[in-house]
Amino acid sequence: MAIITPEAPMAGEGVPREPIRTTIPLRDGHVGERRDLRTVPFGDRFDLLGSAAAALAVSTLLFGWLTPMTGVIGWVVLSFVGFLGIYAVMSSLRADRLAVRERIVTALFYSAGVILLGALTFVLFFTLLRGSSALMNGNFFVETMTTAGPLDPLTMGGIAHAIVGTLIQIGIALLITIPLGVMTAVFLNEIGGPFARFVRTVSDAMTALPSIVAGLFVYAAVVTLITHERSGFAASIAISVMMLPIIIRASDVVLRLVPNNLREASYALGSSRWRTVWNVVLPTSRSGLVTAVILGTARGIGETSPVLLTSGVTAQMNLNPFSGPMISLPLQVFDFVKSPEPNMIARGFGAAATLVILVLTLFIVARLIGGRGPGQLSDRQRRAAVAASARDLRRMSPAPDGAPSSRALRRAAAPRRTASLFAGASAEALRPAPRTRSTEENPS
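Here our numbering = 1-based position in the sequence shown + 743.
Since the hints were made in silico from the structure, they are not lab data.
Incorrect hints may appear among the rest.
[To be verified] Distance windows between CB atoms, simulated: (1) L1101 to V1080: 14 to 20 Å; (2) R1110 to G814: 39 to 45 Å; (3) P953 to Y853: 31 to 37 Å; (4) R1016 to Y853: 44 to 50 Å; (5) S835 to L799: 18 to 24 Å; (6) A1008 to V848: 37 to 43 Å; (7) R1138 to G772: 50 to 56 Å; (8) V848 to K1081: 31 to 37 Å; (9) F868 to R1016: 37 to 43 Å; (10) G936 to E1084: 55 to 61 Å.
For every residue, glycine included, the Cβ atom is placed at its ideal position computed from N, Cα and C.
Using the sequences plus the hints, can you model the full thing?
Following this line, the structure appears as structure tokens:
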């Protein structure tokens, strides 16, 4: 680092200006103490833990001794507010205003993450706990409700028909929404034009479309006019209406993040627009597109209102989505929990837990398929690349007898052999012919 010497004139002193000279400090080998950016200092930990303990103590005194306030939620809220106030005061004793503000914002972000994680954990464990009595029975996953009623025990009946119906409906919806959603996002980013703004506005507006409106639209346009009966296909179209704007919007955002340098490099190599999209843009944004599909699937697989109006309720197994009613897991949960019988309510919570487990399974499978970023190879692909490199090395290395071993080397060596043949023929032509004895036909 260059520094200005004290001899350099300062502006405004009335002296003639000279070029500012810089010098480089001499390195004496002294290295300062390295800062540890990973370990939290003891003072910061003391302020954090002490503020939390003080806030809990003050809230406990207020709720248990000094005031008539009661309730766990109020105690938690008051403890959190007190923690922020005490933590700000403790931090201001040794830090400036900017550091105090940074610590308070950091505490708020960590608190938001903890609250979100706690809410998700509570919902998951509460559902599993309430439905554990139904999940413990093996018949719950392989039987239907054809021979079981509200008063029958949990050892009879199951939700196999609802699981199959959910998989069929969400599969048809994915077959419709994935190509259409990704192609629409590619159109919005790679082609554009005046029509692209209208399409983006409509897709953004459809994101906030109420699910009951989508169900009514499909019921009026498909069930009433085309199929004339409720079916799994009509429910799949209703689910697609809810999934499509989510996939379009998320894919649009992901494709915008692809650097333009990659597109320009592909165009510079002579590639067309569609080969650039297929070989450069889509592989680069693969993990983001998988996330978009997951978001759309999570939105569609839990919809109840559109399915209630379009699929119908049945207790039998139906594998044909184009004929007859086909129930799904959200609709089966709705049908179970509206019953006053405890066994039916337990079946409802068991079906809800099965739906959550199914969504988590689909999420894990999708992350395994497309969770790797661009350029990241799996173990099998890495082994195949190493084997291909070894084959190329053996093919390009020279043979033991000195002859070229690859086709490219043989082609490169072929002109040299041809030139040597031409040189030998030219020398043979320029060599004088040998003298022969005269014959009777040519006495000379």
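Self-check item: Non-conforming hints, listed in increasing numerical order
Solution: Of the numbered hints given earlier, those the structure breaks are 8 and 9, listed in rising order.
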